[in-house]
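Build out the structure end to end from the sequences listed, making use of the hints.
One-letter residues, chain by chain:
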Amino acid sequence: MTLPAVSPFVPWRTTATGKRRHVLDLDDFSEQEIIDVLDAAVSMKEILGRSVPQVPILRGRTVVNVFYEESTRTRMSFELAARTLSASTMSMTAKGSSVEKGESLIDTIRTIQALGADIIVIRHGESGAPYLAAQHFRGSIINAGDGRHAHPSQALLDLFTIREKLGRLRDVHVVITGDILHSRVARSNLWGMLRCGMRVTLCGPSTLIGNAHLWQSVFPTLNISYHLDDLLPHTDVLMGLRLQKERMQAGLLPALREYSTYFGIDGERLSKLPAHAIVMHPGPMNEGVEIMPEAADAPQSVIEQQVTNGVAVRMALLYQLSGEPAAS
Amino acid sequence: MNERQILTSDEVRRAIARIGHEIGERNNGVHNVVLVGIYRRGIPLAKRIAAAVKQIEGRDLPIGALDITLYRDDLELRGPASKIQHTSIPVDITGKTVVLVDDVLFTGRTIRAALDALTDLGRPERIQLAVLVDRGHRELPIRADFVGKNVPTAASEDVAVRLNEVDGGDDAVMIVRGDA
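As you go down the protein sequences, you meet chains A and B in turn. Under numbering that gives the first Met the number 0, the first residue of the first sequence is numbered 0, with each subsequent residue one higher. Under numbering that gives the first Met the number 0, the first residue of the second sequence is numbered 0, with each subsequent residue one higher.
FYI, nobody ran anything at the bench for these hints, they're computed from the structure. Don't take each hint at face value.
Stated by the list, open to error - With a straight-line Cα cutoff of 20 angstroms, these simulated PhoX-like cross-link-like pairs (lysine-lysine) come out:
hint : chain 1 : residue 1 : chain 2 : residue 2
1    : B       : K148      : B       : K46
2    : B       : K95       : B       : K46
3    : B       : K82       : A       : K18
4    : A       : K44       : A       : K164
5    : B       : K53       : B       : K95
6    : A       : K44       : B       : K82
Said to hold, decoys possible - Every beta carbon over 12 angstroms from chain B, so not counted as near; a handful from chain A, in silico:
hint : residue
7    : L2
8    : S29
9    : T61
10   : M75
11   : M89
12   : T92
13   : S96
14   : V98
15   : G166
16   : P232
17   : E267
18   : S270
We treat Cβ as the ideally placed atom computed from N, Cα and C, and that holds for glycine.
Structure, rendered in structure tokens:
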């Protein structure tokens, strides 16, 4: 039992030469394509460490960040990545734009296209919005998070960080805890991690995981567990996800403190991990809920390095989408 | 395909030894010299030149590797993005004499990109260029300081450099005629 094969690109997702045009999720990335992005990101990281961290390759290209949902690290990270490659950048947030006057997503995308954008980085609260945008834009779309569906650049930076810290991906055991039901980070990571031969266990209260059979109908090799403490001695990577208060009005948890007692990543749980294990969190963190300050600042924590690596990975994505200029 | 050999492995060896001599001559010794090979075949060539210099001058030269993909001016012409290699220069090049090393000098555009890449990494005192083959057809005002062999070619021809470290087998330089 393995993952479904990588589906062939549908026409609007490829360029005239059959190359990838958009990065919407990791479900259409082969293992080799993922490894290529990670390898390119290694070289990009070297550039970020220089005293003049800028190369000219995307001079004259325009990257537009379109954020319908708030974000700190993803937006700044894409902006820094674009500038490091010498692209021009523009930013649009829903607040303060014509979106507030009722402009539709498609019209907004067409307007940005008319202004000369080559790549649009889009975050949207509705799952699937970047797919709609991609069908109305001649350049490339990068999904920077859509609803609870996908966040491919985050998953790639997580893979990059794991490979950097542990030296490999294959057979590495990842335990993902937290609000998995609402997490686009978890969904994109599942595609990427399983495609690269990692072992993945989802762990949390059943109300935050949802229907186990449904998960396993898509990801047959996925493990699901409700007991974090049993897993810890066999965990290489412990990834905490944010409890998304804004998406959780439905009474899925009796109390946040109860969650912390059973699933919170604290110093005691860290001590049960193998010596080589690392702790990750995509941020923003609710410190004191899904992760305790002593764990976030522990030597095993690579949370800050995830942020730095995110810039390198996004540079690699921008570069790889830039072989050809936007069709006219 | 029609191939004609222009350098044998012995001739490649002698050309590299001569370049090693010339680098020492031109710079009054090699105490301030850093060799920087351009991906891919410039890197094994830089290592061989370093070995030649070691024999002549008795000194180990620092060797760096330079990837110029992100400095190219033909992103739109090349279609799919080519794979980026890792740039690593072991010493600070500021104030040094940098000898860039590549296998074939053709249009000069690769060297133009390499010069930009080097200046982003520091401010060398001077930059010199060593190539195994100069095949002409320059599109930019660039020339080599050290040349293994000057080879007149037609624009439709290709120059193929084979080095044991990269291609396996014996070293050779061939002219490959295009299917015209």
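- For S96 of chain A, which was marked as not at the interface, is the minimum beta-carbon distance to chain B over 12 angstroms? 31 angstroms, holds
- Item | chain B versus L2 of chain A - minimum CB to CB distance exceeding 12 angstroms, so not interface | Holds, because the least Cβ-Cβ distance between L2 of chain A and chain B comes to about 25 angstroms, which exceeds 12 angstroms.
- E267 of chain A remote from chain B - nearest C-beta pair above 12 angstroms: Holds, because the least Cβ-Cβ distance between E267 of chain A and chain B comes to about 41 angstroms, which exceeds 12 angstroms.
- Going straight from one Cα to the other, do K44 of chain A and K164 of chain A come out at no more than 20 angstroms? 14 angstroms, holds
- Has the given pair, K148 of chain B with K46 of chain B, been kept, meaning a C-alpha gap of at most 20 angstroms? 19 angstroms, holds
- Query: Going by Cβ atoms, does T61 of chain A stay more than 12 angstroms from chain B at every point?
  - Reply: 14 angstroms, holds
- Task: Over 12 angstroms to the closest beta carbon of chain B is the bar; see if S270 of chain A clears it.
- Result: 37 angstroms, holds
- Message: Does K18 of chain A sit within 20 angstroms of K82 of chain B, going by the straight-line distance between their CA atoms?
- Response: At roughly 14 angstroms apart (the allowed maximum being 20 angstroms), K18 of chain A and K82 of chain B satisfy the hint.
- Say whether it holds or is violated: P232 of chain A keeps its Cβ farther than 12 angstroms from all Cβ of chain B. The claim holds: P232 of chain A sits with its nearest Cβ about 36 angstroms from chain B, beyond 12 angstroms.
- Query: Taking 12 angstroms as the cut and beta carbons as the points, is S29 of chain A off the interface with chain B?
  - Reply: 15 angstroms, holds
- For G166 of chain A, is the shortest beta carbon distance to chain B beyond 12 angstroms? Its Cβ never comes within 12 angstroms of chain B, the nearest being 16 angstroms, so this holds.
- Task: Measuring Cβ to Cβ, find out whether T92 of chain A lies farther than 12 angstroms from everything in chain B.
- Result: 30 angstroms, holds
When held up to the earlier numbered hints, the structure conflicts with none and fits them all.
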